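Asks: If you read the sequences in order, they're chains A and B.
Start counting the first sequence at 1; every next residue gets the next number (our numbering).
Start counting the second sequence at 1001; every next residue gets the next number (our numbering).
Treat the hints with care, as some may be off.
With the C-beta cut set under 8 Å, the calculated list includes, among others, these residues of chain B facing chain A [said to hold, decoys possible]:
no., residue
1, R1031
2, I1074
3, G1079
4, R1121
5, P1172
6, R1176
Bear in mind the hints are in silico, worked out from the structure with no lab data behind them.
Small disclaimer: the values here were computed from a predicted structure and weren't measured.
Positions of the beta carbon are idealized from the N, C-alpha and C atoms, including for glycine.
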Amino acid sequence: MKKLINAPEDVVAESMAGFAAAHADLVRVVPEPLYVVRRDAPVAGKVGLVSGGGSGHEPLHAGYVGFGMLDAAVPGAVFTSPTPDRILAATQAVDGGAGVLHIVKNYTGDVLNFETAADLAAANGIEVRSVVTDDDVAVKDSLYTAGRRGTGGTVLVERIAGAAAERGDDLAQVAAIAEGVNADARSMGVALTPCIVPHSGEPSFTLAEDEMEFGIGIHGEPGRETLPLEPADRVVDRLLDAILPDLPYERGDRVLLMANGMGGTPLSELYIVYRRAAERLAEEGIEVARSLVGDQITALEMQGCALTLLRLDDERIELWDAPVQTASLRWGR
Amino acid sequence: MDVDSNWATDWVRRSADAVAAHRADLTALDRAIGDGDHGENLHRGYQAALAALDGLPDDSTPADALMLVATTLISNVGGAAGPLYGTAFLKASGAAQGLDELGPADVVAILTAARDGIVLRGKAQHGEKTMVDAWTPAVDAAAAAAESGSDVRDVLEAAASAAEQGAADTEPLVARKGRASYLGERSAGHRDPGAESSALVLRAAAEAAADAAERRDT
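Please construct the entire structure, taking both the sequences and the accompanying hints into account.
Replies: As structure tokens, this is what we get:
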């Protein structure tokens, strides 16, 4: 294992200390219990948005704390959800009197810890609503599994619900917008290599040189199946073959297309992926109205990508385009 | 013989030792079907619980010790294991409320409450390849032992043995809950790490009771 770290147990704290130093204009980082909060929090009368989860998915979530997106992010240990006491502290720090929305990726650990934190917040007199994101189409049948995982759609939920909160929507409205975005978002990912969690020092799974893991989550956990590696266009078609019929996305739909890197894939390759995805959507008669290309929700240094589609309407486009000022998304302000 | 708060604190110490000793094994099991951090997370939690025991007043009850474990694990473990173990000990503490000494029926009540807490929080049933697959046979065996007149030591021995068997029995199962469920059929052939750590923790409870009995006998 080669990593630019000092000690495995210091990875999250030192990374967050650096994040705080680099983005002091946007955020404050509270070291104990650890969470990242927008500089001007709590904003009186505004619904607070809190998300979080295991570290190792950067820029998710700390990179999305700021104006027009999250009010706080709670990073856990690498690939391990944060504990309820931290989530509670972040929730209290962003409560401006209008209640707090928890945005939770559907992973058992995240759900259980946020659920416990929401109970504690309620006991402390804070109104909390939770939206559990589950946009990953790789997981088929929730009767036999913990249900679909929350992946790339989470970024879009955070952005669009964040814009709604910023314009002054109340908690019920922000929650409804978040739920709507999650319901209309679908993702599918592929890994070309595993990643190495600093603590364990071991690859999360093994793949031969000529293999890819299809239908992955965001922790390097194995996916739907192991397939022979193929050229990028064929991989993109496979991803879209899984995503498109699922909602389904149909001729005439307007969508946001996100080509997300898993952390170890260069932007040039993501644009190759985007190129084919956009071409294919044009063939299907689906209009790409907005796009996002880059590392948004990653799995450490894993090579691979994920595509996310979100069906758009005028309101979602307006919210997407509204000003946002975070470390990793910034426009219009 | 009944057990008291010394048993409860000894249980925590022995659990911490067992988790420390098997930290790498638990993580390896978790790497096979989960995300490979179970041993690390539980170790972090139990080391914190060990440290917290120092602050426990001398006149504490078993319920106080169990409550301390619950809150420490919840705020230090993270992942799914934190809330699951934390809820287990929280409910166990509730079942021990007001008791200075625990008899066979009390121990069964504690284990039952812990198991019910895990089921409530994790929404998993027996046979879904989770912690429940260790805890439910343990509760059943403990109840049967208490029913037939066993003392606390034998009740906990029965629970520990059944939990170990339950953990081994998770190997062929297909996971229906947690991270391993995403593997579907591919999860078969691997022991569930949560069931394995549960067996370690219940074995620690039995050893603490055996030790308490020996101290009393001599």
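Asks: Could you run down the list of hints and mark each one as holding or not?
Replies: Now for the hints, and whether the structure bears them out:
Hint status for B/R1031: holds, given a least beta-carbon distance of 7 Å to chain A, under 8 Å. Interface hint status for B/I1074: upheld, as the beta-carbon distance to the closest one in chain A is roughly 6 Å, under 8 Å. A distance limit of 8 Å between C-beta atoms decides the matter here; for B/G1079 the minimum to chain A is near 4 Å, and the interface restraint holds. For B/R1121, the interface hint holds, since its Cβ comes within 8 Å of a Cβ in chain A; the closest pair sits about 6 Å apart.
Using the Cβ-Cβ criterion of 8 Å, the hint placing B/P1172 at the interface with chain A is not satisfied: the shortest such distance is roughly 16 Å. A least Cβ separation of about 6 Å between B/R1176 and chain A falls short of the 8 Å threshold, and the interface hint therefore holds.
The structure shown violates just one earlier hint, number 5.
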